[in-house]
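There are 2 protein chains.
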Amino acid sequence: MSHQPTLYTSLSPALIQLYDLNNTVVVVIDVFRATSTIAAALYNGARYVIPVDSVPKAIEISAATGGIAAGERDGKLAEGLSHGNSPMEYKRAFIEDKVLVLTTTNGTRLLHMALEQGADNIITGSFPNLSSVCNYLTAQQKNVVLACAGWKDKFNLEDTLFAGAVIARVKEHFSIHCDSSFMAEYMYRQNRNDLPGFSKNLTHYHRLVDRFGYIDDIAFCLQEDVADVLPLYKEGRLIRQG
Amino acid sequence: MSHQPTLYTSLSPALIQLYDLNNTVVVVIDVFRATSTIAAALYNGARYVIPVDSVPKAIEISAATGGIAAGERDGKLAEGLSHGNSPMEYKRAFIEDKVLVLTTTNGTRLLHMALEQGADNIITGSFPNLSSVCNYLTAQQKNVVLACAGWKDKFNLEDTLFAGAVIARVKEHFSIHCDSSFMAEYMYRQNRNDLPGFSKNLTHYHRLVDRFGYIDDIAFCLQEDVADVLPLYKEGRLIRQG
Numbered sequence: 001m002s003h004q005p006t007l008y009t010s011l012s013p014a015l016i017q018l019y020d021l022n023n024t025v026v027v028v029i030d031v032f033r034a035t036s037t038i039a040a041a042l043y044n045g046a047r048y049v050i051p052v053d054s055v056p057k058a059i060e061i062s063a064a065t066g067g068i069a070a071g072e073r074d075g076k077l078a079e080g081l082s083h084g085n086s087p088m089e090y091k092r093a094f095i096e097d098k099v100l101v102l103t104t105t106n107g108t109r110l111l112h113m114a115l116e117q118g119a120d121n122i123i124t125g126s127f128p129n130l131s132s133v134c135n136y137l138t139a140q141q142k143n144v145v146l147a148c149a150g151w152k153d154k155f156n157l158e159d160t161l162f163a164g165a166v167i168a169r170v171k172e173h174f175s176i177h178c179d180s181s182f183m184a185e186y187m188y189r190q191n192r193n194d195l196p197g198f199s200k201n202l203t204h205y206h207r208l209v210d211r212f213g214y215i216d217d218i219a220f221c222l223q224e225d226v227a228d229v230l231p232l233y234k235e236g237r238l239i240r241q242g
Numbered sequence: 001m002s003h004q005p006t007l008y009t010s011l012s013p014a015l016i017q018l019y020d021l022n023n024t025v026v027v028v029i030d031v032f033r034a035t036s037t038i039a040a041a042l043y044n045g046a047r048y049v050i051p052v053d054s055v056p057k058a059i060e061i062s063a064a065t066g067g068i069a070a071g072e073r074d075g076k077l078a079e080g081l082s083h084g085n086s087p088m089e090y091k092r093a094f095i096e097d098k099v100l101v102l103t104t105t106n107g108t109r110l111l112h113m114a115l116e117q118g119a120d121n122i123i124t125g126s127f128p129n130l131s132s133v134c135n136y137l138t139a140q141q142k143n144v145v146l147a148c149a150g151w152k153d154k155f156n157l158e159d160t161l162f163a164g165a166v167i168a169r170v171k172e173h174f175s176i177h178c179d180s181s182f183m184a185e186y187m188y189r190q191n192r193n194d195l196p197g198f199s200k201n202l203t204h205y206h207r208l209v210d211r212f213g214y215i216d217d218i219a220f221c222l223q224e225d226v227a228d229v230l231p232l233y234k235e236g237r238l239i240r241q242g
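Protein sequences, first through last, are from chains A and B.
The UniProt record's numbering puts the first sequence at residues 1 to 242.
The UniProt record's numbering puts the second sequence at residues 1 to 242.
One or more hints might be untrue.
Treat identical chains as interchangeable: a pair holds within one or across any two.
Here are the simulated lysine-lysine pairs, DSSO-like style, with alpha carbons at most 30 angstroms apart [claimed, not checked]: (1) 142 to 200; (2) 57 to 200; (3) 171 to 200; (4) 142 to 171; (5) 234 to 200; (6) 152 to 171.
Note that these hints are calculated values from the structure, not bench results.
Isolated chain A, as found in the complex (with noise of 0.2 angstroms):
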């Protein structure tokens, strides 16, 4: 047992240099919607992503590269980017072969953040590619840190419901000691059976809904397996794994 590899949740960016990322798999979760996002366009033939942590960089890149620019600040499209932060815009027919150059609030500044903290193993999951997650965390055998995106530093509870998922699946390959992981997890195992219905108590679930519409967004990001990639961060880019 205590040569088990240790896993630990950080419930928000503002607490991830709590948590030593060196020589460990870090998972990047933003479930609303970035994460979900990224699995959404490389299960359906994306090239690749390159996650950027602004809206000028984002265009920037998409230039030199021949990239979609896509994103959002605060929910919605950013001036000069031509596409959004919506895992229904990037199908098969838009996106296959295309790279996508990807700039959000919450789970691209993340990243960036766990490269800046030196991390050397990232990757990213949601919902839809839960299992492709937890089959990597298990095969690799290492430390484990499930980093929540939240909502501008704040906690929010649908990271933290995708972080008690992998943990209900992957636990007996892990030691935890973490309030943090046992809390995810214990308010995964208590509304799984009904995670659309729950999330209507979400804040983040009425910024997208009742401002925006994006009723289908939501019930994608929490379907379980519906783009079961696995996003592996190198060189720049998420590239589909295997």
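Could you slot chain B onto chain A? The hints should help.
Showing chain B alone in chain A's frame:
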């Protein structure tokens, strides 16, 4: 509805800067054990408590005031302090009419962080003084931040459960749009009937009980209204209000 004051829950001192503390009641929560001990000391007749953020300052101020230099670092008595951070130490026969100068790893540090951030209305809360805290919050009709002390900036569940207990009692009086508050109340409602049993899941339980044997402390800290006073911060002192 829209004219009600707001209520937010900050799950860690590392998140407190996300919240506006001006003209806001800040409830500092460190269930195991600082804010339980503060309630116990004031309930048992301490003149007041001086919360300080370092061991040398505790020693210096206790010398100057004739107070008792007390506290802990990493859960145990720190060198140079004469008493610890157990509510059991502060029975009436010992603490009545005395001044307690208290420094702790998380709770007193968070109180000083809130002060530095401009908080001008700070109280402390734990299960032993739950009703006094709730009565004060509903009477004040001001915005509220429930500030969990956590453990070295990490999330913990015992402080979260207390935040949930407060929310369960006062929520009709506040406008609450905050996933932290929703989760806190959810965890509390699910486990309110057996908090001592549930507490065995918590990392801090094992830190206190397995290492130091503080099982009586745990029971006291989770018992509602057994030291039901309101500690209000005023000019460097926590004073029993009303």
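*asked:* Of the numbered hints stated earlier in the document, which are not met by this structure?
replied: As far as the earlier hints go, 2, 5 are violated by this structure, in ascending order.
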